[in-house]
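Enquirer: For reference, the chains in residue letters:
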Amino acid sequence: MKRTRTLTALVTIGALGLMMSGCGSDDGSSPSAAGFVAPDLPQKESLGAGEGAVSILSWAGYAEKDWVEPFEKATGCKATVKTFNTSDEAVKLMTDGGYDVVSASGDASLRLIAAGTVEPVNTDLVPNYADVYPFLKDKAWNSVDGQMYGIPHGYGANLLMWNTDKVKPAPTDWSIVFDGASAYSGKVTAYDSPIYIADAALYLMNTQPDLGIKDPYALDKDQLAAAVDLLKMQKEHVGEYWSDYAKEQSAFKTGDSVVGTTWQVIASLAEGEGTKVKAILPDSGSTGWSDTWMVATKSEHKNCAYQWLNEIISPKANAAVAQYFGESPANGKACALAEKGFCETYHAGDASYAEKIHYWTTPTSSCLDGRTDVKCTTYQEWTQAWTEIKG
Amino acid sequence: MILSRTAKAALAAVTGLVLLVIYAPLALVVVNSFNTSRSFSWPPDGFTTKWWNVAWRNTEVRDALGLSLQVAAVSTVISLVLGTMAALALQRYRFFGRDAVSLLIILPIALPGIVTGLAFQSLFKSMLGIDLGFWTIVVAHATFCIVTVFNNVLARLRRVGGNLEEASMDLGAGTFTTFRLVTFPMLRSALLAGGLLAFALSFDEIIVTTFTSGTSRTLPIWILDHMFRPNDAPVVNVVAAALIFASIIPIWIAQRLSQGNELVGAKT
Amino acid sequence: MLWLGVAYLVALGGLFVTAFWTTNEFSNTLVRVWNTDNFEQLFTLDVYRTITLRTIGVAVAVTVIDAIVAFPIALFMAKVASQRWQRIMLIAVLMPLWASYLVKAYAWRAMFSSTGPVNSLLDPLGLHLGYGLPATVITLAYLWLPYMILPMFAGLERVPDSVLEASADLGARGGTTLRRVILPILAPAVFAGSIFTFSLTLGDYIAVKIVGGTNQLLGNAVYDSALTGSNLPFAAALATIPVVIMLVYLAAVRRTGALDEL
Numbered sequence: 047m048k049r050t051r052t053l054t055a056l057v058t059i060g061a062l063g064l065m066m067s068g069c070g071s072d073d074g075s076s077p078s079a080a081g082f083v084a085p086d087l088p089q090k091e092s093l094g095a096g097e098g099a100v101s102i103l104s105w106a107g108y109a110e111k112d113w114v115e116p117f118e119k120a121t122g123c124k125a126t127v128k129t130f131n132t133s134d135e136a137v138k139l140m141t142d143g144g145y146d147v148v149s150a151s152g153d154a155s156l157r158l159i160a161a162g163t164v165e166p167v168n169t170d171l172v173p174n175y176a177d178v179y180p181f182l183k184d185k186a187w188n189s190v191d192g193q194m195y196g197i198p199h200g201y202g203a204n205l206l207m208w209n210t211d212k213v214k215p216a217p218t219d220w221s222i223v224f225d226g227a228s229a230y231s232g233k234v235t236a237y238d239s240p241i242y243i244a245d246a247a248l249y250l251m252n253t254q255p256d257l258g259i260k261d262p263y264a265l266d267k268d269q270l271a272a273a274v275d276l277l278k279m280q281k282e283h284v285g286e287y288w289s290d291y292a293k294e295q296s297a298f299k300t301g302d303s304v305v306g307t308t309w310q311v312i313a314s315l316a317e318g319e320g321t322k323v324k325a326i327l328p329d330s331g332s333t334g335w336s337d338t339w340m341v342a343t344k345s346e347h348k349n350c351a352y353q354w355l356n357e358i359i360s361p362k363a364n365a366a367v368a369q370y371f372g373e374s375p376a377n378g379k380a381c382a383l384a385e386k387g388f389c390e391t392y393h394a395g396d397a398s399y400a401e402k403i404h405y406w407t408t409p410t411s412s413c414l415d416g417r418t419d420v421k422c423t424t425y426q427e428w429t430q431a432w433t434e435i436k437g
Numbered sequence: 002m003i004l005s006r007t008a009k010a011a012l013a014a015v016t017g018l019v020l021l022v023i024y025a026p027l028a029l030v031v032v033n034s035f036n037t038s039r040s041f042s043w044p045p046d047g048f049t050t051k052w053w054n055v056a057w058r059n060t061e062v063r064d065a066l067g068l069s070l071q072v073a074a075v076s077t078v079i080s081l082v083l084g085t086m087a088a089l090a091l092q093r094y095r096f097f098g099r100d101a102v103s104l105l106i107i108l109p110i111a112l113p114g115i116v117t118g119l120a121f122q123s124l125f126k127s128m129l130g131i132d133l134g135f136w137t138i139v140v141a142h143a144t145f146c147i148v149t150v151f152n153n154v155l156a157r158l159r160r161v162g163g164n165l166e167e168a169s170m171d172l173g174a175g176t177f178t179t180f181r182l183v184t185f186p187m188l189r190s191a192l193l194a195g196g197l198l199a200f201a202l203s204f205d206e207i208i209v210t211t212f213t214s215g216t217s218r219t220l221p222i223w224i225l226d227h228m229f230r231p232n233d234a235p236v237v238n239v240v241a242a243a244l245i246f247a248s249i250i251p252i253w254i255a256q257r258l259s260q261g262n263e264l265v266g267a268k269t
Numbered sequence: 117m118l119w120l121g122v123a124y125l126v127a128l129g130g131l132f133v134t135a136f137w138t139t140n141e142f143s144n145t146l147v148r149v150w151n152t153d154n155f156e157q158l159f160t161l162d163v164y165r166t167i168t169l170r171t172i173g174v175a176v177a178v179t180v181i182d183a184i185v186a187f188p189i190a191l192f193m194a195k196v197a198s199q200r201w202q203r204i205m206l207i208a209v210l211m212p213l214w215a216s217y218l219v220k221a222y223a224w225r226a227m228f229s230s231t232g233p234v235n236s237l238l239d240p241l242g243l244h245l246g247y248g249l250p251a252t253v254i255t256l257a258y259l260w261l262p263y264m265i266l267p268m269f270a271g272l273e274r275v276p277d278s279v280l281e282a283s284a285d286l287g288a289r290g291g292t293t294l295r296r297v298i299l300p301i302l303a304p305a306v307f308a309g310s311i312f313t314f315s316l317t318l319g320d321y322i323a324v325k326i327v328g329g330t331n332q333l334l335g336n337a338v339y340d341s342a343l344t345g346s347n348l349p350f351a352a353a354l355a356t357i358p359v360v361i362m363l364v365y366l367a368a369v370r371r372t373g374a375l376d377e378l
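Chains as they are written, first to last, in this note's numbering: chain A, 47 to 437; chain B, 2 to 269; chain C, 117 to 378.
In short, the hints are calculated from the structure, not lab data.
Beta carbons are placed, not taken as given, at the ideal position from N, Cα and C, and that holds for glycine.
Just so you know, not all the hints are guaranteed correct.
Where chain C lies over chain A, by a calculated footprint (3+ residues, C-beta under 8 Å) [as the list claims (entries may be wrong)]:
1) 298 to 304
2) 425 to 433
Okay, derived cross-link-like pairs now, DSS-like style, lysine-lysine, Cα gap no bigger than 30 Å in a straight line [what the hints assert, rightly or not]:
3) B:Lys51 to A:Lys386
4) A:Lys324 to A:Lys214
5) A:Lys344 to B:Lys126
6) B:Lys126 to A:Lys322
7) A:Lys402 to A:Lys322
8) A:Lys362 to B:Lys9
9) A:Lys402 to A:Lys436
10) A:Lys111 to B:Lys51
11) A:Lys124 to B:Lys126
12) A:Lys128 to A:Lys344
13) C:Lys195 to B:Lys51
14) A:Lys111 to B:Lys126
15) A:Lys324 to B:Lys9
16) B:Lys126 to A:Lys128
17) B:Lys126 to A:Lys138
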């Protein structure tokens with residue numbers, strides 16, 4: 047029972063962290079120090095010899111053989127890789143311990159920081175950090191008071207894609223999959239995950255200001271209900287939801303879907319196959335993701351861990367990961383090594399493009415937009431709402 | 002035989018049609034493994050053997066295949082041993098709760114895979130604190146595979162009765178000798194039938210495996226992971242097509258061994 | 117010997133108990149506070165009744181289709197085909213079991229696409245069968261068909277030819293023999309097969325995602341709660357629905373002797 051209590055305490059701190067950090071999540075500024083007590087942990091001051099081993103906890107696709115093996119050869123750090131599929135799983139595994147580094151998304155990073163599971167990262171010891179795009183540094187989801195807790199690794203946006211033969215005139219914003227969806231009834235597609243509710247919330251934020259949505263990941267009961275209603279209306283026109291590359295790609299190819307949300311990688315693949323599609327990031331913005339590599343406080347292989355951090359954002363590895371996973375690299379120099387035109391396609395380094403992305407964050411009961419007078423809806427409530435939307 | 006010539010012809014026609022429908026999607030898979038397109042769609046764009054090359058060199062596929070074969074083999078052996086013992090016990094001895102035991106053996110296959118998977122996951126992770134891996138998959142698979150062996154053996158025992166074994170015992174053979182020389186040969190084709198179905202069930206199982214495999218990847222899990230990445234989807238087609246061809250081997254061997262029609266399901 | 121069975125029961129029991137707990141919002145760890153909120157939600161929200169009914173409907177449809185399709189082929193194998201052909205056909209029926217389930221489901225996705233073979237055939241007739249419930253039923257019926265053919269074949273094989281001949285000698289025509297002699301003997305085998313088709317359909321969440329359009333079945337709801345939402349207690353509560361359905365079904369078919377035919 048003791049363990050449970052400790053966990054509860056950690057979680058409470060985590061909640062505070064999330065709440066405070068939420069203030070800045072829109073414009074990406076650092077969270078205010080007030081109320082957020084990140085455990086006082088020292089950062090590493092100098093690098094020593096590698097320990098010969100490193101245990102990597104990674105999103106599927108972030109630590110593949112093609113760039114892990116060269117790393118092992120170059121550093122002598124034998125890497126063991128464990129992959130996870132959800133941020134919750136990552137937090138659970140990191141808390142259990144045994145891993146040296148982790149690739150955390152915005153909805154996991156602050157929980158890890160607040161719990162003291164990961165420690166501040168001395169970016170001076172990561173030479174390649176200098177080449178990371180400035181707009182990814184010192185952000186709400188990877189730093190506290192100007193102290194970085196990890197190394198930004200890559201990011202991407204959820205785009206609006208349509209079949210250029212079937213959808214005319216070309217859409218410019220998300221209204222075509224919401225209010226205007228009836229025009230392509232039965233051929234609209236959407237991402238099959240509760241987090242897609244944020245896409246609807248973002249649309250409402252832009253089109254119905256009186257709902258008072260400030261952050262698509264901070265929805266109180268009424269705001270969630272509005273988003274759910276919108277999605278239920280949308281469902282009438284959805285042919286199918288997609289959850290993986292292949293499903294959406296084939297649906298666009300056969301014409302079963304003609305308009306909907308997508309990732310750049312799918313759009314590129316579909317185009318490569320001769321499907322007539324176009325994908326844009328509408329001016330009104332979109333949802334997306336940004337991931338960070340962090341170091342475990344209790345790691346016994348910190349030298350190897352830092353070497354991994356440096357390796358993964360080295361131009362070569364960063365280019366390989368970005369291309370394998372289908373996202374923008376964090377290191378601009380990776381672009382020279384990536385396939386021709388890759389970085390242009392993914393808008394790598396385009397700060398004004400990146401600004402339009404509302405990065406995925408797990409909704410929690412303390413509102414991420416800083417409101418304290420209401421309770422917001424949690425991801426579990428979103429999950430149930432998603433089941434209800436699909437009916 | 003009561004069936005008229007017309008009835009037989011009609012039956013043959015319907016059977017042919019059903020087989021055609023059964024094999025149409027499989028043919029599609031084989032055709033698609035030679036399709037130049039990266040996505041699984043129809044009609045195919047062009048012909049290539051590139052994917053077969055890529056798949057052949059893919060070590061992950063080989064690892065996953067190896068794991069799947071091991072899991073299926075071990076689960077099958079466990080099922081054979083436990084299923085036979087359970088059937089012998091239930092046939093020979095009347096004891097309290099006999100029906101309950103037989104229901105218990107049937108339950109894992111009769112309850113939906115997602116329930117079995119969730120139940121095992123919470124047993125292993127929350128209650129026992131075991132790391133998920135090879136043995137957790139094996140235990141989960143063996144649990145729902147036992148029933149195939151159990152039912153085949155039980156049906157055989159009911160048919161042959163216990164006379165031969167009694168005779169053997171009367172002639173002075175011990176329990177073990179009797180099992181080796183009398184019971185086992187009697188059960189051989191039933192074991193083969195049950196074992197083969199158990200192997201197939203385990204080999205292609207995905208739902209229970211999803212919940213009990215942790216980070217180990219059996220072939221179906223590998224396929225699930227990679228089906229959804231467009232760069233790998235063609236390789237998945239190749240693997241599936243190869244599996245279809247390869248499946249002839251164990252079935253053929255089993256047919257030869259059973260020397261008759263007593264293969265899976267034939268419990269007469 | 118019974119260790120697996122006991123482990124299974126303990127696991128099931130544990131899962132059922134979990135249904136009365138709740139989770140901590142941030143860590144997703146279980147909070148062991150006894151409550152019935154999960155079941156209240158289950159019974160008060162319409163969506164779960166809709167999904168349950170839809171799932172049962174699909175399971176029934178799949179079972180009926182499989183029984184109808186499996187009967188002629190099983191009859192042919194058991195009573196018409198020569199020994200040699202019987203063997204070949206057994207192989208033919210068993211082989212698809214080895215081809216990956218996922219790949220077969222994806223093959224049906226291609227079959228039902230707008231440009232796929234099914235719609236190429238239907239288009240001239242002015243029909244269209246896209247992704248949706250009918251496609252789901254057909255795909256699942258396809259996937260589980262061998263599980264229905266095998267017990268039916270075994271059941272039919274056991275019907276001695278002499279019984280059929282006696283029926284014919286006594287003046288019964290083919291149809292009458294079928295109805296009065298074959299079907300009663302076959303019933304347990306059909307129910308045995310239906311246990312497979314029912315339980316497999318109730319637990320499936322993958323095929324419906326691939327060909328089901330926007331539809332979801334019970335399996336999806338359980339999966340989403342457990343993995344996407346990390347809400348094991350609610351998933352456990354949801355999982356009791358298919359368990360209850362299957363237990364009721366098992367109890368119902370038990371009298372027919374179906375459980376010996378699996």
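Enquirer: For the pair supplied as a hint, lysine 124 of chain A and lysine 126 of chain B, confirm whether the alpha-carbon distance does not exceed 30 Å.
Expert: Holds, at roughly 28 Å.
Enquirer: What's the verdict on lysine 51 of chain B and lysine 386 of chain A, does the C-alpha distance respect the 30 Å limit or exceed it?
Expert: Answer holds: lysine 51 of chain B to lysine 386 of chain A is near 23 Å, not above 30 Å.
Enquirer: Is the hinted pair lysine 111 of chain A and lysine 51 of chain B satisfied, with a Cα-Cα distance of at most 30 Å?
Expert: 21 Å, holds
Enquirer: Lysine 344 of chain A and lysine 126 of chain B were given as a pair; does the straight-line alpha-carbon distance stay at or below 30 Å?
Expert: 23 Å, holds
Enquirer: If you draw a straight line from the CA of lysine 195 of chain C to the CA of lysine 51 of chain B, is it 30 Å or shorter?
Expert: Violated, at about 46 Å.
Enquirer: Would the pair lysine 126 of chain B and lysine 128 of chain A pass a check requiring their Cα atoms to be no farther apart than 30 Å?
Expert: At roughly 17 Å apart (the allowed maximum being 30 Å), lysine 128 of chain A and lysine 126 of chain B satisfy the hint.
Enquirer: Regarding the pair lysine 324 of chain A and lysine 9 of chain B, is the alpha-carbon distance no greater than 30 Å?
Expert: 57 Å, violated
Enquirer: Hinted pair, alpha-carbon criterion (30 Å max): lysine 111 of chain A, lysine 126 of chain B. Please report holds or violated.
Expert: With a Cα-Cα distance of about 28 Å, the restraint between lysine 111 of chain A and lysine 126 of chain B holds, given a limit of 30 Å.
Enquirer: Does the structure keep lysine 324 of chain A and lysine 214 of chain A at a Cα separation of 30 Å or less?
Expert: 12 Å, holds
Enquirer: Holds or violated: lysine 402 of chain A with lysine 436 of chain A, Cα cutoff 30 Å?
Expert: 28 Å, holds
Enquirer: Is the Cα-Cα distance between lysine 402 of chain A and lysine 322 of chain A 30 Å or less?
Expert: The given pair, whose Cα atoms are some 25 Å apart, holds under the 30 Å limit.
Enquirer: Mind checking the alpha carbons of lysine 126 of chain B and lysine 322 of chain A for me, to see if they're no more than 30 Å apart?
Expert: Not OK: lysine 126 of chain B and lysine 322 of chain A at ~47 Å, beyond 30 Å, violated.
Going through the hint list in order, the structure does not satisfy hints 6, 8, 13, 15.
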